[in-house]
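Novice: Please construct the entire structure, taking both the sequences and the accompanying hints into account.
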Amino acid sequence: MQRPADASRRAWPKKPPPTPFAVGGLIGLVVFSLVTSWDWILGIGFNPLALPGEFRDSNPAMVEGLYNVTDAAWRESYVDRLRGAFTDPDSPWVLSLDSRIGRGLVETVQIAVLATIVGSALALPMSIYNTRLGAASSTRLAISKALNNTIRSIPDVIWAVLFVVLVSTGALAGVLALTMFTIAVVVKLTSDIIDGIDMGPVEAARAAGASHAAAMRTAVVPQILPGYASFSLYAFELNLRGAAVLGFVGAGGIGQAMDFYWSRLDFEGVSVVVFVFLVLVIVVERASIAVRKRLV
Amino acid sequence: MITFDKASVTYPGGVRALKDLSLTVGDGEFVVIVGLSGAGKSTMIRAVNGLVPLTSGSVTVNDWSVPELGRRQMRDLRAEVGMIFQAFNLVKRTTVLNNVLMGRLHRVPLWRSLLGAYAAGDRELAMQCLELVEIVEKAYVRASNLSGGQQQRVGIARALAQEPKVILADEPVASLDPPTSHVVMKYLQRINRELGITTLVNLHFLDLARMYADRVIGLREGELVFDGPGSDADESVFEDIYGRSLTADDVLEGQAQL
Numbered sequence: 001m002q003r004p005a006d007a008s009r010r011a012w013p014k015k016p017p018p019t020p021f022a023v024g025g026l027i028g029l030v031v032f033s034l035v036t037s038w039d040w041i042l043g044i045g046f047n048p049l050a051l052p053g054e055f056r057d058s059n060p061a062m063v064e065g066l067y068n069v070t071d072a073a074w075r076e077s078y079v080d081r082l083r084g085a086f087t088d089p090d091s092p093w094v095l096s097l098d099s100r101i102g103r104g105l106v107e108t109v110q111i112a113v114l115a116t117i118v119g120s121a122l123a124l125p126m127s128i129y130n131t132r133l134g135a136a137s138s139t140r141l142a143i144s145k146a147l148n149n150t151i152r153s154i155p156d157v158i159w160a161v162l163f164v165v166l167v168s169t170g171a172l173a174g175v176l177a178l179t180m181f182t183i184a185v186v187v188k189l190t191s192d193i194i195d196g197i198d199m200g201p202v203e204a205a206r207a208a209g210a211s212h213a214a215a216m217r218t219a220v221v222p223q224i225l226p227g228y229a230s231f232s233l234y235a236f237e238l239n240l241r242g243a244a245v246l247g248f249v250g251a252g253g254i255g256q257a258m259d260f261y262w263s264r265l266d267f268e269g270v271s272v273v274v275f276v277f278l279v280l281v282i283v284v285e286r287a288s289i290a291v292r293k294r295l296v
Numbered sequence: 001m002i003t004f005d006k007a008s009v010t011y012p013g014g015v016r017a018l019k020d021l022s023l024t025v026g027d028g029e030f031v032v033i034v035g036l037s038g039a040g041k042s043t044m045i046r047a048v049n050g051l052v053p054l055t056s057g058s059v060t061v062n063d064w065s066v067p068e069l070g071r072r073q074m075r076d077l078r079a080e081v082g083m084i085f086q087a088f089n090l091v092k093r094t095t096v097l098n099n100v101l102m103g104r105l106h107r108v109p110l111w112r113s114l115l116g117a118y119a120a121g122d123r124e125l126a127m128q129c130l131e132l133v134e135i136v137e138k139a140y141v142r143a144s145n146l147s148g149g150q151q152q153r154v155g156i157a158r159a160l161a162q163e164p165k166v167i168l169a170d171e172p173v174a175s176l177d178p179p180t181s182h183v184v185m186k187y188l189q190r191i192n193r194e195l196g197i198t199t200l201v202n203l204h205f206l207d208l209a210r211m212y213a214d215r216v217i218g219l220r221e222g223e224l225v226f227d228g229p230g231s232d233a234d235e236s237v238f239e240d241i242y243g244r245s246l247t248a249d250d251v252l253e254g255q256a257q258l
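Quick mapping for you: the protein sequence lines, in order, are chains A and B. The first sequence runs 1 to 296 under the numbering used here. The second sequence runs 1 to 258 under the numbering used here.
Simulated from the structure, these hints should not be mistaken for lab results. The C-beta atom is built at its ideal place from N, Cα and C for all residues, glycine as well. It is possible that part of the hints are untrue.
To be verified - Here are the in silico distance ranges between beta carbons for each label pair:
#1 B:Ser58 / A:Ala142: 32 to 38 Å
#2 B:Ser37 / A:Arg286: 51 to 57 Å
#3 B:Glu194 / A:Val113: 51 to 57 Å
#4 A:Asn149 / B:Lys6: 46 to 52 Å
Specialist: The following block contains the structure:
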């Protein structure tokens with residue numbers, strides 16, 4: 001194509017200025033950040049310059065542990081002990097299933113699996129009931145929404161504290177807490193996809209004289225099953241990580257082992273817990289993602 | 001027998017889809033309802049099984065007075081009235097057999113439908129219905145893997161699985177190509193002839209209507225403008241029903257030539 005001779009002198013449309021919303025939003029964000037972080041009545045008093053001092057004044061054992069990393073000999077011995085934990089049965093860091101960490105790890109997986117199964121099973125009918133289609137009445141929908149919003153607004157750690165009070169410390173409290181957490185996650189995500197399903201089969205089921213429950217089961221469930229299964233697996237990943245924290249409030253799992261080392265200021269023990277748990281989380285997450293990919 | 005008596009439907013928003021419709025369809029008749037889109041064809045068909053409630057007047061199906069039915073009785077009525085849809089309305093993610101078994105839901109106990117554990121008798125009947133539309137070899141194939149014509153035959157089998165006295169077909173061939181349309185229409189005709197099931201079909205192709213209908217009912221803007229045997233429904237009748245002269249779009253074969 002031939003360029004017109006006076007192409008350089010042609011007036012192109014000017015780039016429009018940014019909208020007032022964009023400008024205002026950007027300025028607002030900066031002002032908000034300063035107001036909340038500055039050291040005054042409404043701020044948290046965040047001062048980057050004071051950080052090194054605060055770090056120095058914090059727990060000396062922990063800081064010493066961190067400074068150890070700079071010491072080559074210490075690093076070597078640490079790696080040796082870590083390796084010994086897997087190979088030498090006499091090592092104080094033995095990682096058998098019978099050790100403190102081993103038992104905690106197994107219990108964490110058990111808690112996560114049980115809570116995911118029970119929570120997901122309850123979440124399927126609850127998700128259907130949490131939509132206009134499933135509730136089939138605005139009163140019932142409002143009740144269902146209120147219930148599910150309540151379940152969702154309570155964090156898993158608070159659920160754990162509640163259940164520790166109710167059923168005393170141990171894995172059961174953890175299972176119950178994460179069951180509620182699973183319901184919160186799966187119901188929210190699953191009921192959102194129910195709003196987008198093909199309504200044709202529902203009409204067909206109704207036209208065939210099916211009861212409401214039968215219509216939901218035959219026309220809705222097959223359509224949401226892949227999404228629901230994927231969300232349940234995702235909830236399992238979250239539960240595994242959640243189960244680690246719950247030990248701190250006495251609800252069983254690896255968190256109890258971490259709490260044990262933490263309270264003795266044995267930060268090397270804590271680091272082993274973190275390390276083995278990290279490996280477990282990565283393995284489970286990879287496996288879960290691989291399965292979820294095949295679901296859609 | 002289906003009787004409309006001054007049946008009217010006004011949708012929320014004020015659209016009057018059906019205006020004082022009065023007519024009777026006898027047992028075993030094959031009736032084709034024609035009219036432009038928006039003429040009230042779908043509304044008329046859905047009034048028969050209560051999917052669209054009447055604003056005034058009445059519809060009587062066999063001994064059921066549709067506007068007066070409670071929830072439970074409405075389900076009993078719908079069990080007797082099979083329905084076939086323009087978009088097939090199959091659950092695409094599940095098997096053909098499971099789709100046909102949806103036609104048995106009225107008779108199946110809730111625990112069986114919830115578990116998907118249908119009784120052998122229901123499965124047998126579903127297979128027989130698939131056999132009738134000659135697609136039984138696809139029983140365990142996912143519905144999404146079938147062609148449009150095959151999906152509509154599954155839709156017919158699902159309606160047949162209800163062992164219905166009446167079949168309603170809402171634009172059953174509107175999503176299909178011309179040869180497939182004829183296949184589906186022939187199945188509907190055969191079911192009507194051999195099983196004696198009263199059949200109401202919505203169509204907007206006049207040649208299909210004339211070819212298959214024992215009786216043609218013409219609707220325009222919710223009003224009955226023609227009611228007579230298919231042989232009487234010539235082009236002037238259709239021009240009256242459509243309120244304009246005919247074009248190639250109004251005939252299936254004409255569309256095929258485009």
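Novice: All hints are to be evaluated individually against the structure, with a verdict given for each.
Specialist: To see whether the hints hold, each was checked on the structure:
Distance hint for Ser58 (chain B) and Ala142 (chain A): a CB-CB separation of about 35 Å, consistent with the stated range 32 to 38 Å. Range check, Ser37 (chain B) to Arg286 (chain A): about 53 Å between beta-carbon atoms, so the 51 to 57 Å window is met. The hint said 51 to 57 Å for the Cβ distance between Glu194 (chain B) and Val113 (chain A), and at roughly 56 Å that hint holds. The given range of 46 to 52 Å is respected by Asn149 (chain A) and Lys6 (chain B), whose C-beta atoms sit roughly 48 Å from each other.
In terms of the numbered hints stated before, the structure departs from none.
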